[in-house]
Each structure stands twice: as C-alpha cells, then as structure tokens.
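4 protein chains.
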Amino acid sequence: MFILVNLKTYPCDPVAVAEAVRDVDESTDARIGVAPQATHLERVAETGAETWAQHVDPIEYGSNTGHTLAESVADAGAVGTLINHSEHRLKLADIDGAVRAASRTDLETVVCANNPAQVGAAAALGPDAVAVEPPELIGTGTPVSQADPEVVEGAVGAAASVDIDVSVLCGAGISTGDDVVSARDLGSEGVLLASGVAKADDPRTALEDLVDPL
Amino acid sequence: MFILVNLKTYPCDPVAVAEAVRDVDESTDARIGVAPQATHLERVAETGAETWAQHVDPIEYGSNTGHTLAESVADAGAVGTLINHSEHRLKLADIDGAVRAASRTDLETVVCANNPAQVGAAAALGPDAVAVEPPELIGTGTPVSQADPEVVEGAVGAAASVDIDVSVLCGAGISTGDDVVSARDLGSEGVLLASGVAKADDPRTALEDLVDPL
Amino acid sequence: MFILVNLKTYPCDPVAVAEAVRDVDESTDARIGVAPQATHLERVAETGAETWAQHVDPIEYGSNTGHTLAESVADAGAVGTLINHSEHRLKLADIDGAVRAASRTDLETVVCANNPAQVGAAAALGPDAVAVEPPELIGTGTPVSQADPEVVEGAVGAAASVDIDVSVLCGAGISTGDDVVSARDLGSEGVLLASGVAKADDPRTALEDLVDPL
Amino acid sequence: MFILVNLKTYPCDPVAVAEAVRDVDESTDARIGVAPQATHLERVAETGAETWAQHVDPIEYGSNTGHTLAESVADAGAVGTLINHSEHRLKLADIDGAVRAASRTDLETVVCANNPAQVGAAAALGPDAVAVEPPELIGTGTPVSQADPEVVEGAVGAAASVDIDVSVLCGAGISTGDDVVSARDLGSEGVLLASGVAKADDPRTALEDLVDPL
Numbered sequence: 003m004f005i006l007v008n009l010k011t012y013p014c015d016p017v018a019v020a021e022a023v024r025d026v027d028e029s030t031d032a033r034i035g036v037a038p039q040a041t042h043l044e045r046v047a048e049t050g051a052e053t054w055a056q057h058v059d060p061i062e063y064g065s066n067t068g069h070t071l072a073e074s075v076a077d078a079g080a081v082g083t084l085i086n087h088s089e090h091r092l093k094l095a096d097i098d099g100a101v102r103a104a105s106r107t108d109l110e111t112v113v114c115a116n117n118p119a120q121v122g123a124a125a126a127l128g129p130d131a132v133a134v135e136p137p138e139l140i141g142t143g144t145p146v147s148q149a150d151p152e153v154v155e156g157a158v159g160a161a162a163s164v165d166i167d168v169s170v171l172c173g174a175g176i177s178t179g180d181d182v183v184s185a186r187d188l189g190s191e192g193v194l195l196a197s198g199v200a201k202a203d204d205p206r207t208a209l210e211d212l213v214d215p216l
Numbered sequence: 003m004f005i006l007v008n009l010k011t012y013p014c015d016p017v018a019v020a021e022a023v024r025d026v027d028e029s030t031d032a033r034i035g036v037a038p039q040a041t042h043l044e045r046v047a048e049t050g051a052e053t054w055a056q057h058v059d060p061i062e063y064g065s066n067t068g069h070t071l072a073e074s075v076a077d078a079g080a081v082g083t084l085i086n087h088s089e090h091r092l093k094l095a096d097i098d099g100a101v102r103a104a105s106r107t108d109l110e111t112v113v114c115a116n117n118p119a120q121v122g123a124a125a126a127l128g129p130d131a132v133a134v135e136p137p138e139l140i141g142t143g144t145p146v147s148q149a150d151p152e153v154v155e156g157a158v159g160a161a162a163s164v165d166i167d168v169s170v171l172c173g174a175g176i177s178t179g180d181d182v183v184s185a186r187d188l189g190s191e192g193v194l195l196a197s198g199v200a201k202a203d204d205p206r207t208a209l210e211d212l213v214d215p216l
Numbered sequence: 003m004f005i006l007v008n009l010k011t012y013p014c015d016p017v018a019v020a021e022a023v024r025d026v027d028e029s030t031d032a033r034i035g036v037a038p039q040a041t042h043l044e045r046v047a048e049t050g051a052e053t054w055a056q057h058v059d060p061i062e063y064g065s066n067t068g069h070t071l072a073e074s075v076a077d078a079g080a081v082g083t084l085i086n087h088s089e090h091r092l093k094l095a096d097i098d099g100a101v102r103a104a105s106r107t108d109l110e111t112v113v114c115a116n117n118p119a120q121v122g123a124a125a126a127l128g129p130d131a132v133a134v135e136p137p138e139l140i141g142t143g144t145p146v147s148q149a150d151p152e153v154v155e156g157a158v159g160a161a162a163s164v165d166i167d168v169s170v171l172c173g174a175g176i177s178t179g180d181d182v183v184s185a186r187d188l189g190s191e192g193v194l195l196a197s198g199v200a201k202a203d204d205p206r207t208a209l210e211d212l213v214d215p216l
Numbered sequence: 003m004f005i006l007v008n009l010k011t012y013p014c015d016p017v018a019v020a021e022a023v024r025d026v027d028e029s030t031d032a033r034i035g036v037a038p039q040a041t042h043l044e045r046v047a048e049t050g051a052e053t054w055a056q057h058v059d060p061i062e063y064g065s066n067t068g069h070t071l072a073e074s075v076a077d078a079g080a081v082g083t084l085i086n087h088s089e090h091r092l093k094l095a096d097i098d099g100a101v102r103a104a105s106r107t108d109l110e111t112v113v114c115a116n117n118p119a120q121v122g123a124a125a126a127l128g129p130d131a132v133a134v135e136p137p138e139l140i141g142t143g144t145p146v147s148q149a150d151p152e153v154v155e156g157a158v159g160a161a162a163s164v165d166i167d168v169s170v171l172c173g174a175g176i177s178t179g180d181d182v183v184s185a186r187d188l189g190s191e192g193v194l195l196a197s198g199v200a201k202a203d204d205p206r207t208a209l210e211d212l213v214d215p216l
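Chains as they are written, first to last, in the working numbering: chain B, 3 to 216; chain W, 3 to 216; chain X, 3 to 216; chain C, 3 to 216.
The following block holds chain B by itself, in its conformation from the complex (with noise of 0.2 angstroms):
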C-alpha cells in the first residue's frame, strides 16, 4: 500500500512530518511519500523522505507567472505530483496538460476525481494513479471505503475497464489503520490522508498507527 500525506496549508512543520514519514517508511512494507507546499519542497525533499507536490501547472519552461513548473518541481527534489485535487479543480485540456508535464520529468502522477465516471475519465489520460474523492466525505472523517465501498469498487472498475496500468488511490475520509485495510480490500493500492497525520500531535505515532494492520 501507498500511503500519501497532503500537508496542504496546514500550520505543521513540514520538516518534522516528512522525518516521521522517512522514519515509518523504512521501518514498515508500506510506501509513504509526503505533499507539502511549493515554498517547503526543497527542504522536505532533504529529509530523504519520498516527496511530492500538491500540484503542477500545465505549462512549461517560459512566460509564465506563479504557477508550478514541473522541472521546478523535480528540481526541489519531488518525485510524484497530485493533480486535480478536489481543493484544485482543473479543467479537462489542464489535467491532460499537467500530465504531460510531469511525465516529461519523470514525476510520477496521480489524478484526483469525484466518482468513477470522472475516475475513468482521469485515467484515460494516462497517469500513474487515479484517486476518487467523494467531495462530501471530505474532511469528514468517514472514510470512503466505509461509507461508500462501491464507489471504490466502482473506482477500481472504471480504472482497470479504461487502462489496466493505472492503479487507484482511495482519498477521503481515511484516518484510521482500519480504513487503510478497508481501502486495500476494495481493490485500492494506496490512499491519500490529510490532517490525521498533519495535525497529529505526534505524526509518528499517527503513521505508525496506519501501517500497524498492514
């Protein structure tokens, strides 16, 4: 299983959360990669802990004004990007976009979808992962895989019937070892988590808590 932490704009350090993630992930079978802010890459990138962006622009090298570049972005020391999260909608030409950017420096991609129609949708456009994030589950603390196990299954199904290649992320809701062992039954290879982690007291603890049932 993949676990990936969205730091998003939470007041954490980032740098103590991506040793916790280093730490646990080589303590464990689990992957984890941490997403902090553009400003934090670099520095999380040198705890030697697996880093990725929250985002990548659709651009490249040239006229281009506070947006992320891809290569800026592996430059820092990033080796994945979420794109399309459901905190940053992009339109359908921008997703592709952004997919083609990563690619061209080897960021490893995951795109982020409501429900397994745009979960196909996504996966069409031939990233890595695809995640399916009910936008009302989100930040509620009931995971997907509980609430609703068929949109997972219908994730999966979608995913596998478009590119038998793209595996599928389980992402919202998800803050317990159970509903990682839950997302993993469904048929989900990974999950994206947010503030189970980030706003934990002791973030160790709380990755350590996830992988334990794993």
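Don't take every hint at face value.
If chains are identical, the list can't say which one is meant, so a pair holds when it fits in one copy or spans any two.
In silico SDA-like cross-links for lysine to any residue, where the CA-CA straight-line distance does not exceed 20 angstroms [to be verified]:
1) K201 to G64
2) K201 to E73
3) K201 to I61
4) K93 to P137
5) K201 to T144
6) K201 to D25
7) K201 to S65
8) K201 to V213
9) K93 to N66
10) K93 to G128
11) K201 to N66
12) K93 to I61
13) K201 to G143
14) K93 to A119
15) K201 to E62
16) K93 to N117
17) K93 to P60
18) K201 to Y63
19) K201 to G179
20) K201 to A18
To be clear, the hints were calculated from the coordinates, so they are not data collected in a lab.
Assemble chains W, X and C onto chain B, guided by the hints.
This is chains W, X and C only, laid out in the frame that chain B set:
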C-alpha cells in the same frame, strides 16, 4: 453523417440559417443541426430546424445567476448541446456535471476535446458523442481530417476503446463536402462546423455543397 | 428606488413574474425590473416589463461558443445587465470587459461586489451602479441593511469617493418593504432581490408589499 | 525607483540572478527586488536579495491543496508579492482576498492591471502599488512608456484619484535604462521587468545598465 452548424456569436441571422438547415436536412440523407446562442434558442427551434445549445452548465434549478440550465434549453426546444467547446473549456468535474444535467433532460450530448487522450477521457463520462478539435487547426480552414488524419483515427480508436457506443465527430477546419467525406472515411460519424455556413453569403448553398458528395 | 428581481434559474414562470413586475411598476413610483435567464429574455421583454440580463461576457461578435453577447441581449429587448453576481464571479479584467461590452450596446450596468473595498473597485470601472452583497447574508433572509448597516454605508461611501455618479444597490437578504426602506435610509438607490418574489405564490402581491412603504 | 525582476518560469539560475540583484541594489540608489518561483523562494531569500513572490492565493491556513499561502511566502523570506499578473489573472473578489492575505503577513503588494480603469479598481483594494501592463505590449520589447505614454499617465492619475498613497509601477516592455527614465518621467515610481534581466547572458551588467541613467 451528422453536420452540426455552430453559430457562435457571429453576426448572422440565426433564423435564416436555421431555415436553411431545416430545408437541406429534409432534402438529403444527412442529419443537420444548428447551435445558436442561448438568447436565440426559442426562435430557432420554432423554425423546425434541429436545434442545439452551445453549452449547458453543471447546475440544477436553484440559485444560479447568469448560467445556462439544461431544463431551460430543453424547454426552449433544443434536442442536444455541445459541452466543453474549445472556446468554453470546463473543469473535468463540470463536464461530468454538464453531461449529467443534459442527460436528466434527454438532451443529446457532444463533448469536445483537443486530442485522442482527451477524447478517451470525455468518452468515459458517458456522452452520446465526442468531437475532436485540435486547437491549432481551429479557424484555419485546414481540416483536421487532412492536416492530421491520425488525430481523427486516434480519436475514433480512443473513444471506441473506452465506450463503443460513443461516436466521434470531427471538429476543426471543415469547410467543404470533400472535408466531410474525408472525416467519414476516417471513422467519424459527423462534423462540427461554424463560419463556413454561418458566415456564408448563402448558407443554403453552402450546406448543399457540404452534403452533395455524401 | 429601483427594485431588480433576479429570477436566477428558479423553476418559476418568467412571463408571469414579468407581467407582475410590469403592472406593479406602472402603478407605483418605484422602478421595477426583472432579470430572467438568457433563454427567456425575448419572451420576458415582450411583456413590456423592464428586462435585464443576469450576465454578459467580455466579448464581441466573433468566435465565442456558449457565451452571452451584449448585442444579443440588447436585441432581445434587455435594457441592462448584472455583472459579477456573487454566483458568477469574474476576473477583474473581465468585469472591465463586460462593462465595456454592455456600454457599447447602451445596456445599463450593475456590478455586484462583496464589500466596500470591492464596491470601490467596481465603481472605478465606470458602471451605472454597484450592488453590495455580503456573501454570508445571501439567501439568509437577513437583510444586509439590518444585519450589517455599516456595510451599506461603507459601500455608499466607497462608491461616492471613487465616482460620485455611480449609485449603490443593496443586494442580500431583502424580502420585505421595511428592508427596502432601510436600504434607502442607508443611502442605497435600489435593491436586488430574488426568491422573495420569484418563488412567491403570488409575485404580484409580493411586489406590492415591497413597494408599499416607499 | 523600484525595479522588480520577475523570473517567471524561465530556465535561469535564480540564485545567480538574485546575487546580481543584491549587489547592484547595494551599489546604487535604486531599489531592486527579484521574484522567483515559489519553489525557489527560500534559496533566493538566503542570498540577501530583496525577495518577492509572484503570486499569493486568497486563503488562510487550512484545507487548500496546491495553493500559495502568504504566511509560507513570508516565512520563506519574501517581503512582497505580485498579485493578478497578466499571466495569472484573478477574480476581483480573489484580488481583494489576496491583498488581505498579504497584508496579514506584512507582505508588500503590487497588483497588476491592464489599463487605467483597472488600475483605479486595483487601487481601491488598498495595495501598496499597482502596475500597469497593457497586454498588447507584454513581451514586445516596446516599453509602455514610449508606445503609449498616456496609458502610464492615465494610470498614475487613476490611482491617485482613488488613493493618493498607492504608487504606480510601469510593467510592459521595459528593457533599457532609458525606458526606466521614461517611466519615471511619466510619474511611475518603479518598473516590472522580466526577460531583459532574467534571460540576459550577464544579469549583473543588464541591471547596471538599467540603473545607470537614474
């Protein structure tokens, strides 16, 4: 073949073009439709021409200002709608929402896309058809079926591999009957065109020339 | 006082509301207008009611698909347009373009804004009026003139300090004649309202109640 | 005069340009700043150069993915930020929100705008400065101060009439010291420039040439 004439916001007489569309449609085997501005939908539908909207928003009845409601488009007499035209690109989640809104009111849907990858993505959302319009050809007078035949073939293949029931239209640079024949020969089941008819001195003759070689 | 009834995409009969607007307008000193969906503009204008658009795009005649052209709105019989409604927020450059498009066709303009600072900004673009709508009050039934009178006074001051010719409308939570009087007493020259009339069982009585205390 | 060098997403070495900015700033009366990509802010600020962000989002600490938080920009060492650059146009409400976010963290703000009307609007939102950039001149090498001096004078007048404390920068086509002098003579208190320095073989010499006639 389906020929859909997009009137955009051209300074043409929408009723006169619609009457030509209706008459030529009746006198040939081709199916012809016309997509006027929202303000002209009712008057155009009254001509008896097959009437399409240029866009619907991903909304329901309720608190939305300055948006296009699928129900209002259908009540005005439209039978279908374009979605995500290259001049009106939408977020992936909103294309999904617009397709659902249109389906709710039995409007036929054509989702536009730039390239085969995006055509596959659009097809995954369950529209009736997708239209492939490489942005670099729009308005050039060079038909995609000649400039870039593999884009049309790629789009036909991408749509079919995702959903065999989604047909493909060809949507950039079509202006002559030969272009329509080329598009058909490459596997597309229709064409989108605009200025070739809407800005013609005699839209009726322009339409007759388009369908003549079919 | 100017009372502008925004029909949004409510499931009301736009012609019936327009007839009520026309009749009550003729029987009182208040000026009353109605803003239907674009698809309904022609039929509403034919009633003789003062007809407004809910939105125009910053475009000219040409290659634009699914947009609202000021010329088409004016040809349909509208005499004015809302711009930048809180349900249809625009980029600053596009508000500027929409005001210019509307002015080109002699449409009266009301630019909506959230707070006094944005009212000042909107006034600098040269519209006929600005409407202040604190987002937190929209749809609450609590009028801005009572919940937050200093917002209305601040908006009146902000507009006047930028351009003394730009009048201010009050645009959130207005539902009774007393609310209209409060808005007037705070310096606004009109109100925007929506559900209080559009969703009323008897729009004519709702309008009569609104203008009665004036 | 304030000279702000926007590095956009150019393939330059941001630290090398920043060191040139720092050194030339120290050796002249002009004030010089540099605006790198978000991923480079920390490294650029460490050079001691006056560091600016290219953009901040209208957000607070919380659930935002892929956005630029003013607090993170300030913590990285930036002292100011561009907002609403012509390559990153924002909604009016979001320019207002971004100015407030920047002010909350004591970042200096320069809001960009296309023409005098929009400069007046931007000034009403209370930034420290506005920059006028006619879109038709961006990247042409023709300075707005020469091609269109009345635009600069109009912008200076528009800003002053709204808020006398908001200064005006000149932001398109500046590439020589004479352009900077022209901009100053028309009433602007600074210039935005990009490729003239960022893409120069020798950024230090380019900067020295720019400030030499002042």
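The hints, checked one at a time:
For the identical chains of this complex, K201 and G64 are inter-copy neighbours only, at 10 angstroms across copies versus 37 angstroms inside a copy, given an alpha-carbon limit of 20 angstroms. Taking the closest pair of Cα atoms, K201 and E73 come within 20 angstroms of each other only across two copies (17 angstroms); inside a single copy the shortest separation is 30 angstroms, beyond that limit. In the homo-oligomer, the alpha carbons of K201 and I61 lie at most 20 angstroms apart only across protomers (18 angstroms), although the nearest pairing inside one protomer, at 32 angstroms, exceeds that limit. Taking CA atoms no more than 20 angstroms apart as the test, K93 paired with P137 passes in both settings, with 17 angstroms inside one copy and 15 angstroms between copies.
For the homomeric pair K201 and T144, the shortest alpha-carbon distance inside one copy (17 angstroms) is at most 20 angstroms, but the shortest distance between copies (36 angstroms) is not. Taking the closest pair of Cα atoms, K201 and D25 come within 20 angstroms of each other only inside a single copy of the chain (18 angstroms); across copies the shortest separation is 42 angstroms, beyond that limit. Proximity of K201 and S65 under a CA criterion of 20 angstroms is satisfied inter-copy only: 11 angstroms between copies versus 37 angstroms inside one chain copy. In the homo-oligomer, the alpha carbons of K201 and V213 lie at most 20 angstroms apart inside one protomer (17 angstroms), although the nearest pairing across protomers, at 48 angstroms, exceeds that limit.
In this assembly of identical chains, K93 and N66 lie within 20 angstroms of each other by CA distance both inside one copy and across copies; the values are 18 angstroms within and 18 angstroms between. Proximity of K93 to G128 under the C-alpha cut-off of 20 angstroms is found in both arrangements, the shortest distances being 16 angstroms within a copy and 18 angstroms between copies. Only between protomers do K201 and N66 lie at most 20 angstroms apart by alpha-carbon distance; the minimum there is 14 angstroms, versus 33 angstroms within a single protomer. Proximity of K93 and I61 under a CA criterion of 20 angstroms is satisfied in both settings, with 14 angstroms inside one chain copy and 17 angstroms between copies.
For a Cα distance limit of 20 angstroms, the shortest separation of K201 from G143 inside one copy, 13 angstroms, qualifies, whereas the shortest one across copies, 37 angstroms, does not. In this assembly of identical chains, K93 and A119 lie within 20 angstroms of each other by CA distance both inside one copy and across copies; the values are 16 angstroms within and 14 angstroms between. In this homomeric assembly, K201 and E62 come within 20 angstroms of each other (Cα to Cα) only across copies, at 16 angstroms, whereas the closest approach inside a single copy is 34 angstroms. Taking the closest pair of Cα atoms, K93 and N117 come within 20 angstroms of each other both inside a single copy (16 angstroms) and across two copies (14 angstroms).
Proximity of K93 to P60 under the C-alpha cut-off of 20 angstroms is found in both arrangements, the shortest distances being 10 angstroms within a copy and 14 angstroms between copies. Only between protomers do K201 and Y63 lie at most 20 angstroms apart by alpha-carbon distance; the minimum there is 12 angstroms, versus 35 angstroms within a single protomer. Taking the closest pair of Cα atoms, K201 and G179 come within 20 angstroms of each other only inside a single copy of the chain (17 angstroms); across copies the shortest separation is 49 angstroms, beyond that limit. In this homomeric assembly, K201 and A18 come within 20 angstroms of each other (Cα to Cα) only inside a single copy, at 12 angstroms, whereas the closest approach across copies is 37 angstroms.
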